[in-house]
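Listed below are the residues making up each chain.
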Amino acid sequence: MTKTLLEIEGFKMHFHTDKGVVKAVDGIDITVGEGEIVGLVGESGCGKSVTSLSVMGLVPTPPGKVEAGRIQLAGRNLTQLNAKDWRQVRGNDIAMIFQEPMTSLNPVFTIGSQMIEAIRQHRKVGKTEARERAEEALREVGISRKGILNEYPHQLSGGMRQRVMIAMAMVCEPKLLIADEPTTALDVTIQAQILDLMRRLNREKGTSILLITHDLGVVAEMCSRVVVMYAGQVVEETDVHTLFRDPKHPYTMGLLRSIPQLDKRSERLYSIPGNVPNPRKMPTGCRFAPRCEHVHEICLQSNPPLFEIAKEQHTSRCWLHDGEEKEETDRDRTREIVGS
Amino acid sequence: MSANSTSLTSPTPSPMPDTGEPKAEAASPLGNVWRSFIKSRSAVIGAVIVLSILLIAVIGPLFLPYGYNQVDANSRLEAPSAVHWFGTDDLGRDVFARVINGARISLWVGFFAVTGSIIVGSLLGLLAGYYGRWIDVLISRVFDILLAFPGVLLAIAIVAMLGPSLENAMYAIAVINVPTFGRLMRSRVLAIKQEDFVLAAKAIGMKDRRILFKHILPNSWTPIMVQGTLNFAIAVIEAAALGFLGLGAQPPEPEWGKMLSDSRQYIESAPWTMIFPGSAIMLTVLGFNLLGDGLRDILDPRMKT
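Protein sequences appear in the order of chains A and B.
Heads up: the first sequence begins at 61 in my numbering, then just goes up one per residue.
Heads up: the second sequence begins at 897 in my numbering, then just goes up one per residue.
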């Protein structure tokens, strides 16, 4: 396996609101290797975005609070940084692109002034040189049109703006790019172009990508490894081929069954029954139990740990796999040892 | 809106063309504003009135044959004529000269009072909206307290404390208008700080202060400008009101409100001493209101397609 770049360990981000504690992210472990593209999948409200914002240090605190765990980037613990150090990390080591390219650019400034600002935030260069770098960054993402730097965001299409956002994110050559549903707001042809572009940047620059999405099609195209999240926890983690061929967790199976198949005739599109649990009142047992087809007695009583499936690097948080392999994952065991 | 890609096959390799859409006609937002400005009748009429008054205030006094305080005991309370276009007042001063000079005072007071309340109000609103929590509570309660008083009453109280003079009237008017801009700015900031581009700016490592002044403030100017134009009219009226009560401009300054109150006894015998300064106030207020209304329509983001 490649060298680890990002390591999230037992990370908990809770929100303390007037109505109670919202456990948005409740003990997750995710690693991203150097040059790797990792997919983070889950339905709305499962904690994907809070995870990505936590890695950027952009969760407002309060109401947010890191309850436990740590986030390490190339061996540096990010959860202990002060505001000034965080600003050094953001944009420089980790960059982020957002879901809505239509609103992620400031409408009152030109593309050029925003890109130059982003460059000069982290690099001590003059305006002229920053301008040249901006032009080069835009060429990298396939925009070579003259004069684009003098245009305003409203003059560009959604796909173009997302390219500008990617160019802006890549301009300081970050080690990690967090893409929070980068193609959700784009139509399918533009989506393919943007994914293509991200893959090329990953290949050519070696930038690791944490791709957050609820679109399994995008995952299949892009990622080498996939982490499935449900209700603030990781429920399954494996490489992309195993995920589609041999999913273990009932939730993942449900997700895969809800993809319409072009080659099969089916009566009605499958959907997982029920809703995501209220984050203020999580079920005591397995968080997926109320919606699960395979629910057992034990599922309602205690939340399963991540079990390692026979194959290496495949984990599933489900009691079904308790029988297959009695042991918990190495990682869980190590933490117990460290914790005791 | 989700565009779920349903196909699991690899995407068709596209050569990533430069999806250059046809360039919009207007290269800058300012160009757009200008085009809709000249289409808006009320904005143009308002602007013409305001600019005329401004021009008269700046260069008018240079061409007057009489000074605004030139007393002539032989021609008291004369009706308008070719010699004295607006007639003369009880001291034989030329009303035309006084009205023209009064424009300077009114615009001056309006400009400084509005600028002052915009600067102070915007800063406070910016802080309250962006930082929230106790800063917001503190600033918003101060605004509430100021708004609890009827505006002119508060202005009178402030002038009473500072002593009657034009300058103090200006401060008083600025103070009572601060909450208007403060609350407006606060509401804009609350909306804009949720925008993705603010998050994106944070994500590239920008400082709070820079985000405030570089990203949030420039996106909040429009309503402040409109409100500023409308409040200019209010400030002119308030200055006249304070002058009328003897709390603003002191004699012999040719302030319109003061002129109105001085001419009260002659309302029947020499109505011109009252009609002309009164009309001047009305015209100025009308001009700024028309301009402000027009600007509001033009700059309203909902009107843009």
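Treat the hints as calculated values from the structure; they're not laboratory data.
Fair warning: this is a prediction, and the values are worked out from it, not measured in the lab.
Be careful, since some hints might not be right.
As the list claims (entries may be wrong) - Cut-off 25 Å, straight-line C-alpha distance, at most; resulting in silico cross-link-like pairs (DMTMM-like, lysine to aspartate or glutamate): (1) B/K1089 x A/E241; (2) B/K1103 x A/E103; (3) A/K83 x A/E94.
To be verified - Computed Cβ-Cβ distance ranges for the label pairs, DEER-style: (4) B/F1109 x A/R205: 26 to 32 Å; (5) B/I1015 x A/G135: 47 to 53 Å; (6) B/R1105 x A/K187: 17 to 23 Å; (7) B/D1104 x A/R205: 32 to 38 Å; (8) A/G266 x B/S932: 45 to 51 Å; (9) A/H356 x B/R1105: 31 to 37 Å; (10) A/S331 x B/G927: 32 to 38 Å; (11) B/I1041 x A/K265: 52 to 58 Å; (12) B/L926 x A/N142: 37 to 43 Å; (13) B/D1104 x A/H356: 38 to 44 Å; (14) A/H354 x B/F1109: 27 to 33 Å; (15) B/I934 x A/G218: 30 to 36 Å; (16) B/A1087 x A/G135: 37 to 43 Å; (17) B/P1046 x A/T121: 41 to 47 Å.
Here a beta-carbon is modelled for each residue, glycine too, at the ideal position from N, C-alpha and C.
Q.
Please list, smallest to largest, the hint numbers that this structure does not respect.
A. 2, 3, 9, 10, 13, 14
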